[in-house]
Amino acid sequence: MTYLHSINDCVIRFANINGSGSASANNLFARAVFRMGVPVSPKNIFPSNIQGLPTWYEVRVNEQGYLGRRGDYDLVVAVNGKTLQQDFTGLAPGGYFLFDSSQPLPEMLQRNDVRVIGIPMTLLCNEHVENPRLRPLLRNILYVGALAFLLDMELPVFKDALTSQFGTKDSLAATNIRILELGYTHAREHHPETCHLAVHRRDRTGEAIIMDGNTATALGALYGGATVVGWYPITPATSIIEAFGRAVEQYRREADTGRFTAAIVQAEDELAAIGIVIGAAWNGARAFTATSGPGVSLMAEFLGLAYFAEIPAVLINVQRAGPSTGMPTRTQQSDLLACAYASHGDTKNPLLLPADPDECFTMTAEAFDLADRLQTPVIVLSDLDLGMNDHLCAPLTWDDERPYDRGKVLDAEQLDALTVPWGRYLDVDGDGICYRTYPGTHPTKGAYFTRGTSRNEYSAYSEDSATYQRNMERLLLKWETAKSLMPRPAITIHDPAARLGALFYGTTSAAAVEVLDGLRARGLPINTLRLRAFPFQQEVLDFIAQHELVLVIEQNRDGQMRTLLINELNLEAGKLVAITCFDGLPVASRALARTLEAALSERGLMPPSSLSEQGDVS
Amino acid sequence: MTFSRPTFRHPDLPPNSAGFLRQDYEGAVSTLCAGCGHDSISNAIIQACFELALPPHRIVKISGIGCSSKTPAYYLGRSHGFNSVHGRMPAVATGANMANRDLIYLGVSGDGDTASIGMGQFVHAVRRNLHMLYIVMNNGCYGLTKGQYSATADKGSRSRKGGVNPLESIDLCELAIQLGAGFVARSFSGDKQQLVPLLKAGLSHSGLSFIDVISPCVTFNNNPESTKSYHWVREHSEATNTFDFVPFRQTITTEYPDGTTKAVTLHDNSTIYLHKPPEGADVTDRRQAIDNLEDHKDKGVVLTGVLYINPESADTHEILHTTTRALNSLTRTDLCPGSAALEAINARYR
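The listed protein sequences correspond, in order, to chains A and F. Sequential numbering of the first sequence, starting at 1, is according to my numbering. Sequential numbering of the second sequence, starting at 619, is according to my numbering.
Honestly, the hints are just simulated from the structure, not real lab data. It is possible that some hints are incorrect.
Partner residues are not named here, just some residues of chain F that face chain A (Cβ under 7 angstroms, in silico) [said to hold, decoys possible]:
hint, residue
1, L631
2, T712
3, N718
4, Y848
5, I937
In this text, a Cβ means the ideal position worked out from N, Cα and C, and glycines have one as well.
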């Protein structure tokens, strides 16, 4: 039997019980890989529960920089007795099964195509850790130490990480390091020459950082000048607000008074959360909320008000698997249509589609400019995978000369200088965007009545059909203006003569690029377009027109982006092929490859020789 | 009823201490039914703001949906107004107040808007102790959808069509007291003498002031068997006490005999003098204030006036410890940590 062997190309899966402190130990492992200069991507696959249910953590190591989830695993650290069988059976042929041999492996677990590595983790911890309460936590550190040996990694990198986590003075650091070394030494003594997977130092991460999207989003809001937050707790969006709160404590405390230059209001529900945002933005503050699908449903009525009354708002939707409560701790891109057309009546909302934490940062900051400029809600569509998992990305950058674009707002002086009567909904520039005023600006000028009912150009109530229609058409003109302001798509033309194009967005991108690179290597070039915003610009239409067939790859059942493209660009439906992954887990490249190849084969588009057995032993 | 209002005003009408004329506080012509209680409240609001000499453009009017929520168009035409979503005035007011703490917030709602669809919002705005005056124009029915009972309609009250309300009513004032509002009052749209000073006191209180104004719906709920009719309220109401509201700029000229009058000083140094009958409840005591309401309810009497007052309470900004500057006045220099700080942040994620 040959066992899997590779350098800097493997997937390690950790099977734990949630609430046992495993995520931070597993993250320590991932960060050590990163600090050795090797691209890495951790995925926490956790239950909707606080303590006691199975949880998994997958770390993909890939020197080439393919950092989407791969889907299978080469080594499993199986320390959850309840999922032992599942973790054993699911292991790739030739893989390694590392388990806590304090208890014997159940006899039913028999495979002759995997290598079983037993380390008595619990017994070792009982022996070497005095405080019983610390033992379960340190057991996690112990297996990280063992892994460091098995994968031929640099132990000092782990020690440094623990030291910087706990500080040099803390005795916890010393205890952690002692147990880390214990795991390393035990593996060296009992399992030399056992594992042929290795992680070796490279220089492939450059200036990159490793950060979760929610932290980056919170920083985007901080840098974008947000001062008012209305929110209601919901997984997976809550950590945006928590991170924003920490950022406010650090960067928004007035030196002289100790007071904060931001108000974070935990509301009674999502209706109030978005209401707070709209009230604040109407009154001239930059405001945002962060939520997920169920929250967006509740916010829909208010979003329509903001669309129609033309009030800026920034909403971050960290999508999770729906419908309804669905799988609240799993990821999906299934709120696309609900957000694009949120609210009743003819409503459309600009969307931003970040694909990594760097874009979470820039797009969130940009969302405030866009909302102010367009006087409408702007929705940033993140997802659980992007928001809650660490991703490798370019370092965050900020141009200190960059002004905040507060859009068309008249101050007292400008109101005094007007030679014609001001109308809140009067389009004087021909771009569909009108001038607004903040309350309290001028003693006698610029006051108006904001409402969700139809009104004329001077904000007076009107049920006149022509007036109503004129206003609705102006909003469409504004929609056209939005196209020129939104981020452009990222287009890669591998072959100008390619018949096929592929279109994707957000967290689908990493796996999609990997799979399409694979197909290109096998003689099938497919050009790509990564959508970064809605409404769609002319480039998107041109790209689709340029290809015979366009694959739309996304994470929902119904092919929502495909629907949106067909609807908005008036396309012939047959031209777009839906390639969907919607099991709630981050898209797995090997599964995506199979789906894609099947779709292409069905249409006779796969090169004949290239139907490989990819996905088996590599 | 829409009618055209004469623009002529008596030339000798004096301006207030800030130099504004009463007409500077007026708004568009009302489109409510003739005789609607809400129009009287609108007038009382104009009078209260005029007498307090508030700069009209520093007032912000926010409402939900319904007949009551339409009224902000009918007063304070120089103020920004926001007629928002049904039941959601408190959230919009919260956001607006967070954005600029220097303005005066007037929230206007109805009994359906507050006690049914907006109950959650009402309750939590009170809990947050948002610095605003929250007025409910309470007619016990949904006027704009033709007279269905609302949640403040009294059990056993009979509508114009003869139907009896079988459900228990919600007492918004009692709730507001329980939830920590610092100023809670009830009045009647037909009693301007009481309503105007109550509004002035409410506008001067720091934190959430709640005033429930019974305001008969002349079209759908003004039959004599309705407990929200002009007739019934006039026959069955009783004031907690008489009181005087003295704005802080004014010198106190009246002498009050000891023992029956209690002075409550608000944060802006305005003072409310409560003249309590010897056997009356102390409205600065929360427990007594609630008992007082319940006792009168048992007797079938609507208690009006100042129901509860406690000027010592931290408002939302104090609770959140936000800057004393208006958040909407802060610029990029105030808010953005800059590229050097971002470099340091990046370093933490390597």
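*For the hint on T712 of chain F, does the least C-beta distance to chain A fall short of 7 angstroms?*
holds (5 angstroms)
*At a threshold of 7 angstroms, is the proposed contact between Y848 of chain F and chain A supported by beta-carbon distances?*
violated (29 angstroms)
*Would the hint on L631 of chain F stand, with a C-beta cut-off of 7 angstroms toward chain A?*
violated (19 angstroms)
*Mind checking the CB of I937 of chain F against every CB in chain A and telling me if the closest is under 7 angstroms?*
For I937 of chain F, the interface hint is violated, since the closest Cβ of chain A sits about 10 angstroms away, which is over 7 angstroms.
_Evaluation of the interface hint that places N718 of chain F against chain A, nearest CB under 7 angstroms_ = It holds, given that the least Cβ distance between N718 of chain F and chain A is near 5 angstroms, below 7 angstroms.
Going down the numbered hints, you'll see the structure goes against 1, 4 and 5, while the others check out.
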